[in-house]
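Student: Now for the letters of each chain:
Protein chains: 2
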Amino acid sequence: MSLKSFLPILEWLPSYNKKWLKGDLGAGLTVGVMLIPQGMAYANIAGLPPIYGLYASIVPLFIYAILGTSRQLAIGPSAMIALLTATSLGSFVDLSIDQYIAYAILLAFIVGVIQFLLGIFRLGFLVNFLSHPVISGFTSAAALIIGIGQLKSLLGIKIPRSHHINVVLENIYDNFSEINWISFGIGVVGISMILLFKKINKALPSQLFAVIFGILVVTAFGLNTGKNVVDIVGEIPNSLPKFQIPLLNWDLINSLLPMALTIALVSFMESIAVAKAVQTKNKEYKVRPNQELIGIGLANVVGSFFQSFPTTGGFSRTAVNAQAGARTGLATIISGILVFLTLLFLTPYFYNLPKAILAAIIMVGVFGLIDYKEVIHLWKSDKTDFFLLLVTFLATLTIGIEKGIGLGIILSLVIVILKTTRPHVAVLANIHGTHFYRNIERFGKDVILKEAILIVRFDAQLYFANTTFFKDKLEELVVKKGDKLKLIIIDGESMNSLDSSGVHALIDVIDTYQLQNIKIAFSGMKGPVRDVMRKGGVIDKISFDHCFMSIQEAVDCYEHQCNNEPSEKKFNKFIEQSN
Amino acid sequence: MSLKSFLPILEWLPSYNKKWLKGDLGAGLTVGVMLIPQGMAYANIAGLPPIYGLYASIVPLFIYAILGTSRQLAIGPSAMIALLTATSLGSFVDLSIDQYIAYAILLAFIVGVIQFLLGIFRLGFLVNFLSHPVISGFTSAAALIIGIGQLKSLLGIKIPRSHHINVVLENIYDNFSEINWISFGIGVVGISMILLFKKINKALPSQLFAVIFGILVVTAFGLNTGKNVVDIVGEIPNSLPKFQIPLLNWDLINSLLPMALTIALVSFMESIAVAKAVQTKNKEYKVRPNQELIGIGLANVVGSFFQSFPTTGGFSRTAVNAQAGARTGLATIISGILVFLTLLFLTPYFYNLPKAILAAIIMVGVFGLIDYKEVIHLWKSDKTDFFLLLVTFLATLTIGIEKGIGLGIILSLVIVILKTTRPHVAVLANIHGTHFYRNIERFGKDVILKEAILIVRFDAQLYFANTTFFKDKLEELVVKKGDKLKLIIIDGESMNSLDSSGVHALIDVIDTYQLQNIKIAFSGMKGPVRDVMRKGGVIDKISFDHCFMSIQEAVDCYEHQCNNEPSEKKFNKFIEQSN
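Taken in sequence, the protein lines are chains A and B.
Here numbering that gives the first Met the number 0 is used: the first residue of the first sequence is 0, the next is one more, and so on.
Here numbering that gives the first Met the number 0 is used: the first residue of the second sequence is 0, the next is one more, and so on.
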């Protein structure tokens, strides 16, 4: 492994092309400008003061620029991870705000360590167990929870935090008379502005326009005090993130661990998905999942020493970054510098920023994540996956965010396993005038059925959980076929692997039908399966004359008693070979 | 469903053939004679007084004879289930013997209810998740634990009960001077007798001979008292099992539930395996797994109301039953009656039975279960399954009996899942002079490679956990193939199913390679996969001209630009049809 593979920045920095600078600068500034209101808004979702959103938008960006393999990924706070952060800490009661902040920062540290270790041990593939419907169901539910949770800021009413939609909606209903219509009006205008400018050009800093609008309205009409007061961000301390060792309490780490693992995987899933999507249009580099884990992991770890809560590569910012012309990690560095300068000089200007505008930014962002098209598509194309999406969605909404995704993952694996225990089995026959053998149920009229031969295709690996089904199904087909049956051809094209239970089953089957004077032949078994059959003694048991390259050869051999020097003889070496 | 399917006894009793009676009577008596010492011995393993072994050999037998589908299965106490019973109750400290008995009986009740419910809800297939290597490793370890545990009775020394082999062996070593050599001598003669008579004829009541020998020696030499005393069974109350409602304490039931589930599955696994093995030689009936669960389940439930601890169909007794000529459940009823009569009249005669003889019976029984041949076979034929067997064996021995089997089950499923995340992928090419397309790595010199065409076979279902691998692997192969590549043929013969993540991956792949001017074609996709491709929009995306019946057709079409009215046209209806 070269130094470059550990420090991907070396892939572009030493050979930096001046032509890239324009794109990097433009994109870096655009994303930086996006990050400022987004960071504050997402800190709000996490239950943290706005400034921590800015803290999380500096150090992690620099670290990722050095260690990450994607050149467009825009690291920073994300709505979903902020929500998961709030959920993780929600179970601790009676925390002071300082404790809460310390816990959130510790969480970033643990998440980072987990991601780093996953990367080192090359376990990035684990994220593949998050299936499409599970991600989609989870994301939509999380978006709904975040969006509904922002209603109180949009409406300017004070109700307790909750991650249960029904509780939030009930509270709003009960406090309907308390709605601050000015706040609501500002929010609605904010939402409209963001949507409108986005429509005009995605690279426009539409969120910043909404922020400026909000500050101007509050300042101009004196809405920060008096009768028509709206909730504002208030004073943001003019301080940079301090170096500070996270609160390394072992009991606390233990209790945060399960949620930290969830956050580590979800945040990696979020960033790797968008990194790969962007990379397909940028062929000059390659995203390496395990290095990405190391990059994001260390961004979180180092970030946690500078008061950052968990961060990841965000969907929308990354898209904007790519669209605005980012060519290298320099763009991300520029974004970080911009946030740094803001912290130094500009925080007083955010004093009058109405919280309704932050809510507007969040709501536009998260409602875009609700993927109703996928729901319709799955309903039409794949009922099982539709069901999986629905269960994950509902479970995330009702029983809890982390339990919802956990249930989705387990359920999707259970479904995969259960399906292979009762796989599709086809009886094949020759399509008239061809050498194709196909399912008689699908190719009904065009196939030639023979009474003496049963050709079976078992569409799964033969392994412990389906050997009983295999034997039962075969018996059922044999009984159905009747007394004239003399030969069963087991077509191996779709039998992808064979374990020792499968070997026992095949030997059982050979023994059972031998007693009934029915021969067994195998056709088209693939290499890895042939290897197991040979080592497990199946081929010794039936000998090579019962193994064929194709169904046709098996049928020919049977029908002509193999007298005419069957063509398969010359392929014996292929059937024998075992490498 | 007919009444017969609920009461399988109606399948044979109304049409009972007098000719069967001789076999049934002989087998019933033989098994009954076996059951008496075995029952007492297995009660000993379970930590119960000997008489409970006889109680468990009456009522459950009658119930199974009415409700079970196997006509030879010999129900009753089993060594493995007795061991699991002892393990379940081992975690309760300071139980009086009466409490211990009440708990064991409650356990039978819970096990029975679980089995009954599994049967009613047709969940018998769950037992298939116990793979061959896991069963083998678990059984061998359990046999070793039971066998070693009997050493103290064989040697006539008093050491505390333990299910940890190392503890037992250490204790024996520490108490070496205490060994009662007379007891040991009786035991060794007992073992030799059982093995010898078994060798002569398996249907001989060899265990009974050992029992008689033991009683005679103790009586003749006065070994039940004085200087040369050996441990004897002592007084067995002359009482029949009483009707008595199990101790239905909810908290207790809750704490026994996990172990009861293990026992329910293991005992079902034990009995269904032997029932199926015996049935293959008796074609006049069919073992139905779910009805078996109902039968064994109710045998346990009803048994628990008559002081029975958990029972199941035993390996060795069932084999003897079949060999001795049992034709129907009447044999089992006769065995039960024999035990009943023994309880009424013969228990005083067992007073002088040395415990070393019971130990001998158990040790011969369980050491026969250690399947070292399978270990050697797996070492040679299947390293993964060998590893699985070894882990299950070691875990059962060291971390605990129920945890061992649990770990084995989980590990075997994890391996299955992990294997499908990185399946075998083959690049195919035409074998010279044939229409076969095979793996170029295996058929090296005989294949014709074409620079413009890449033919890939992915040996697994394409689903969420391997779509990334699929895309990465394809890209790797495309890069390796070089610039002249114009067509990728994805051979579908081994792609057994496709979920919505797989659909997304295929669409991704089509889009990606379109940008590089490489076409994608599919050949030999099977029905269920075609259905998903159609519904998911993959076929619409590439249109029918890119779907072929076989690889050869795809190659022909590409090479002749499909000008010559390709033969696959006439199969369009097959490719289109989606039923």
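Hints are computed from structural coordinates only; laboratory data are not their basis.
Don't take each hint at face value.
[Said to hold, decoys possible] PhoX-like cross-link-like pairs, simulated, lysine-lysine; straight-line CA separation at most 25 angstroms: (1) A/K470 <-> B/K275; (2) B/K285 <-> A/K518; (3) A/K480 <-> B/K282; (4) A/K285 <-> B/K382; (5) B/K285 <-> B/K18; (6) B/K480 <-> B/K444; (7) B/K285 <-> A/K483; (8) A/K17 <-> A/K280; (9) A/K280 <-> B/K540; (10) A/K540 <-> B/K382; (11) A/K275 <-> B/K282; (12) B/K275 <-> A/K275; (13) B/K275 <-> A/K480; (14) A/K534 <-> B/K285; (15) B/K3 <-> B/K17; (16) B/K444 <-> A/K285; (17) B/K280 <-> B/K201; (18) B/K479 <-> A/K479; (19) B/K280 <-> A/K472; (20) B/K402 <-> A/K518; (21) B/K480 <-> A/K282; (22) B/K479 <-> A/K285; (23) B/K282 <-> A/K479; (24) B/K472 <-> B/K540.
Since this is a predicted model, take the numbers as computed values, not measurements.
Student: Check each numbered hint against the structure and report the violated ones by number, ascending.
Tutor: Hint check: 4, 11, 12, 14, 16, 18, 20 fail, others pass.
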